[in-house]
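Mind assembling these two chains? They're in different frames, but the hints should get you there.
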Amino acid sequence: MQHLLEVNDLEVKFGLRFGDLTAINGISFSLDKSERMGLVGESGAGKSVTGFAIINLISKPGFISGGRVMFNGRDLTALSDEAMRDIRGNHISMIFQDPMMTLNPVLTIGTQMVETLLAHRSITRTEAKSIALEKLKKVQIPSPEKRLAQYPHEFSGGMRQRIVIAIALLTDPEIVIADEPTTALDVVSQVTEKIAVMYAGKIVESGPTDQVVNDPKHPYTQGLIKALPGSLQPGAKLNQIPGMMPTLTDIPPGCAFNPRCPLSDTICRQQEPPFIIINGATRRVACHMAKPDPSNGTT
Amino acid sequence: MIKTWQRFKASYLLFSFKQDKTAIFSFVVLLALLVTGLLAPVFSPYDPYDPANIDIMNSELPPAWMEEGEKAFMLGTDIQGRDLLSTMIYGLRLSILIGCGAVILQGVLGVVVGLLAGYLGGKIDAVLMRVADIQLSFPYLMVAIFISAIFQVAFGIGQYEDLAVPLLIVIIGLSEWPVYARTVRASVMGEKNKEYVEAARVIGLNRWRIMFRHVLPNTMTSVLVISTIQVANAIMSEAALSFLGLGMPVTKPSLGSLIRSGFEYIFSGSWWITLFPGVFLVLLVMVINLLGDWLRDVLNPKLYKG
Numbered sequence: 001m002q003h004l005l006e007v008n009d010l011e012v013k014f015g016l017r018f019g020d021l022t023a024i025n026g027i028s029f030s031l032d033k034s035e036r037m038g039l040v041g042e043s044g045a046g047k048s049v050t051g052f053a054i055i056n057l058i059s060k061p062g063f064i065s066g067g068r069v070m071f072n073g074r075d076l077t078a079l080s081d082e083a084m085r086d087i088r089g090n091h092i093s094m095i096f097q098d099p100m101m102t103l104n105p106v107l108t109i110g111t112q113m114v115e116t117l118l119a120h121r122s123i124t125r126t127e128a129k130s131i132a133l134e135k136l137k138k139v140q141i142p143s144p145e146k147r148l149a150q151y152p153h154e155f156s157g158g159m160r161q162r163i164v165i166a167i168a169l170l171t172d173p174e175i176v177i178a179d180e181p182t183t184a185l186d187v188v189s190q191v192t193e194k195i196a197v198m199y200a201g202k203i204v205e206s207g208p209t210d211q212v213v214n215d216p217k218h219p220y221t222q223g224l225i226k227a228l229p230g231s232l233q234p235g236a237k238l239n240q241i242p243g244m245m246p247t248l249t250d251i252p253p254g255c256a257f258n259p260r261c262p263l264s265d266t267i268c269r270q271q272e273p274p275f276i277i278i279n280g281a282t283r284r285v286a287c288h289m290a291k292p293d294p295s296n297g298t299t
Numbered sequence: 300m301i302k303t304w305q306r307f308k309a310s311y312l313l314f315s316f317k318q319d320k321t322a323i324f325s326f327v328v329l330l331a332l333l334v335t336g337l338l339a340p341v342f343s344p345y346d347p348y349d350p351a352n353i354d355i356m357n358s359e360l361p362p363a364w365m366e367e368g369e370k371a372f373m374l375g376t377d378i379q380g381r382d383l384l385s386t387m388i389y390g391l392r393l394s395i396l397i398g399c400g401a402v403i404l405q406g407v408l409g410v411v412v413g414l415l416a417g418y419l420g421g422k423i424d425a426v427l428m429r430v431a432d433i434q435l436s437f438p439y440l441m442v443a444i445f446i447s448a449i450f451q452v453a454f455g456i457g458q459y460e461d462l463a464v465p466l467l468i469v470i471i472g473l474s475e476w477p478v479y480a481r482t483v484r485a486s487v488m489g490e491k492n493k494e495y496v497e498a499a500r501v502i503g504l505n506r507w508r509i510m511f512r513h514v515l516p517n518t519m520t521s522v523l524v525i526s527t528i529q530v531a532n533a534i535m536s537e538a539a540l541s542f543l544g545l546g547m548p549v550t551k552p553s554l555g556s557l558i559r560s561g562f563e564y565i566f567s568g569s570w571w572i573t574l575f576p577g578v579f580l581v582l583l584v585m586v587i588n589l590l591g592d593w594l595r596d597v598l599n600p601k602l603y604k605g
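So the protein sequences, as listed, match chains A and B.
Residue 94 in the working numbering sits at position 94 of the first sequence, with consecutive numbering throughout.
Residue 560 in the working numbering sits at position 261 of the second sequence, with consecutive numbering throughout.
Excised from the complex, chain B in its bound form (with noise of 0.2 Å):
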């Protein structure tokens, strides 16, 4: 353990992330809004969920510096009389688990997938790659209206509440799975011929020792980059899909759905619940793919930066 931390701070990833202001201040950002939002009963002044802390005749009140606001909200209220700093808190942490559960799941099944497919290859390689295709040749809103449309018939709209979280990374992770299945796919091609897996081969090794343990270590690197851009697509494509209506219900909004609720009063004036959830995820995503940006040039030693 110790030497483990002895080596990461002798780490040439340690020392080009101190050399890198982007990279820190993107880096400082994600952990302040990752504790907000993992710790969000710690962090925000009121529950938005129970319904005894919301007041209808509190409803859109404007953030606590404008003239009709209330020091007690200070970011204001949503059109339900919650505190809007409080809903978009609970709302962070909804959008990170959606987006980090959505990514594992995409993650597993197309390292998985790629991993068989490129070093089996033949007959496995050309028909998992073609379920890969076909994967993705259906937009994603659409399997998600499909499979929303269904879920909500089948179970009602009052399971659905309890349900959309679990569904939602269902849909963004089938949808998405075929991004890393490509990548993984690709690397693993390179790496099956280089002489340390003929060694292993040669060592008396079984092929799934050789896949899982060998060859796909060395593919993690392509599977670490594309993972961060990966969280940042799904938080967006749960943004998304709650905006349309298919995500979060407005019972336990995400950001997305917060600025699906504000989006409808925006003309009378209610610009703060459309704005400051936007500001939020905007901020989220942001730092999210300039970290993914700063971990692909260190990763990638051949490319550098004049």
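Pulled out of the complex, with its shape left as it was, chain A reads as follows (with noise of 0.2 Å):
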């Protein structure tokens, strides 16, 4: 079956002065229609990079220096800058970390809606703007008419946020990248189906939600769910992975992992771990510590 959205082995780098730096290192997952996705890890792991890069939008330095982007069939690495900008906005859409900037300040909320609309589609001005008041209506943003002519300083964060997913709405798009919409794991856990958690530009590991966060195999997924307030008794010291992730100038040999894994071992010094399936197909884990679950049980 043909997925939606298939990332293979994306690998991203950045030129800089002394060399290449390897921002994503051949990163794979796949996406369905109306399926959600959680991209977890801490910062610098590579997920809004990521998320650029699924819509080729690297800014320089920074550039897709391997693998494919497949979207409904087609390799989004390989397109043209106007068949890209066909894309973006149209069929995949993003919505940013802060709703603050993401809005220009000197333009109306309505010319915003409606500009986004007359790029991708040849429609009137009038029937644009009815688009642009449903959408208000659908965020559920109170006397629409009226807002659509106000500048974004006259809304408050919460209404600004919406109106930065109104219009990341608009053209109903396949797929929607939500740039850090929350930065609490266990929401993640609550609205996704399936997860993926990144460390030094790389997944590892991957599979259906509730598996994962119930049952994490890799170290660092552990030490992640472990960290979680909720699993504390109250007035109890929080959890933390000791040490911090590695700058991508120096990422360690062998497991990326290994300087702050409680498991660590030689192989894990010398050898890359491969990402291999365990339980099944969705299943996925880069560790050499993590053993194919000989009872092939769900949870």
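Derived from the structure by calculation, the hints contain no laboratory data.
Since this is a predicted model, take the numbers as computed values, not measurements.
A virtual CB, placed ideally from N, CA and C, is assigned to each residue, including glycine.
Each statement offered as a hint is correct.
Among chain A residues calculated to face chain B with C-beta under 7 Å, some are:
1. Gly89
2. Thr102
3. Asn104
Encoded structure:
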């Protein structure tokens, strides 16, 4: 079966004076229609870069150095600028982290919404306006007719966030990429069906959300889950993963997580763990210490 | 329309304008000068361009309140016997016209160049900004002397009179556009890394649209502020060129050429031909600069006055 979005061995590098830095190191995942997937990991793991790489908008000096992003059977990394602009905002849209910053302060909300529609559809201004109105209603902005003529500074933060979402939904995109809609892992585990854990530019574990959260196989994922405050007695000290993620300039040999890993062994320092399948086709992990579950159970 | 007016009435701009006596004074004076200048045929007692009104016997008459003055010529007459007040009002019109025209030209040129250089960056930026540097390294007087000399040879003095206004607009406009280009480039470079630009790219807008519709309006504050200063500068430049005999001809004098024509007779006692146009010029440039200062303070909230 063909997936809606299929990322294969995607690699993103940043060309710097002293050489190329690999920000995304061969990640693969797929997404089906109406499926929600969460990409989690510490800051700097490459989550945002992955998002931008999907719509081929890595800003210089970054570039996609390998792999493919297949969307509806088309490779987005090979599309022309013109064709790519038609995909962006039309078939794949993106919601940014900070709603305060993503709206242009000198244009009215209406102008910005209508403009987005006119860039992708051959419709009249009036038609665009009525679609904009409809979407504003959908995100529950009161008296949307009046609101269309207002500037971003006339809205509260929460409203702006909803407007940003309305803009992302204007063209009924097949995929919406949300860049850090929440920083809370427990929220991610509630709203997504699939989860992929990133560490230093690689996916280290992926699978159905409930399986990954309830039975993490990778020590990094285990650390993340343990760090959740929910599992603790009130007043207890929060757990954290010791150390910090290596900068891209000095990723340790072998498994990138080994200096922080409680299970680290000789093999971890020498060999990069393969991304192996455990527990059926959907559950994968990249760890020397993780063994395929013989029982092959779901939880 | 009504909404815009209400928005303006409630705006901080108007509020701070009402608070600032200097701004109100400058604005009133500027408005008076603009109206007088632009409606010169209505306000001036004579048409100084009409030879029928000129009598050589009336030349160098002092202002009306002086002993030899005549009531008909309030501020006296110039060396050709033209009513000084009328000539000044017509000259004011020319000065305003050339000043604004030159600023529009330099503004359009400079804003487009600055926007392209700042947003596109790289080689385009390097080339455009070096062109701007080269332009700035030519003194505008030299450029003006070149152009008007070539023009006068090519078309003759007679034609020069008719084409002096557009010619001056082009000379002053071309010599000062790098000021805009640099300012706009600097603020575009600050704007282009903001998230709304990234968001516009994510939406799938093309770069021209992003540049002119999203980034440009956000740089308009600085453009507005330097525009006021540039209008004053352009008027001064025109006056300087005319004073040197490179600007408006004596038959169609601007304030600068009037000052110059009077300057030759200042030692024979005809001080008024130089003084009054000079006062007019100073007043005009001063109120524009004062308004510009006020605007800069208002539009730059980081700069609070104690």
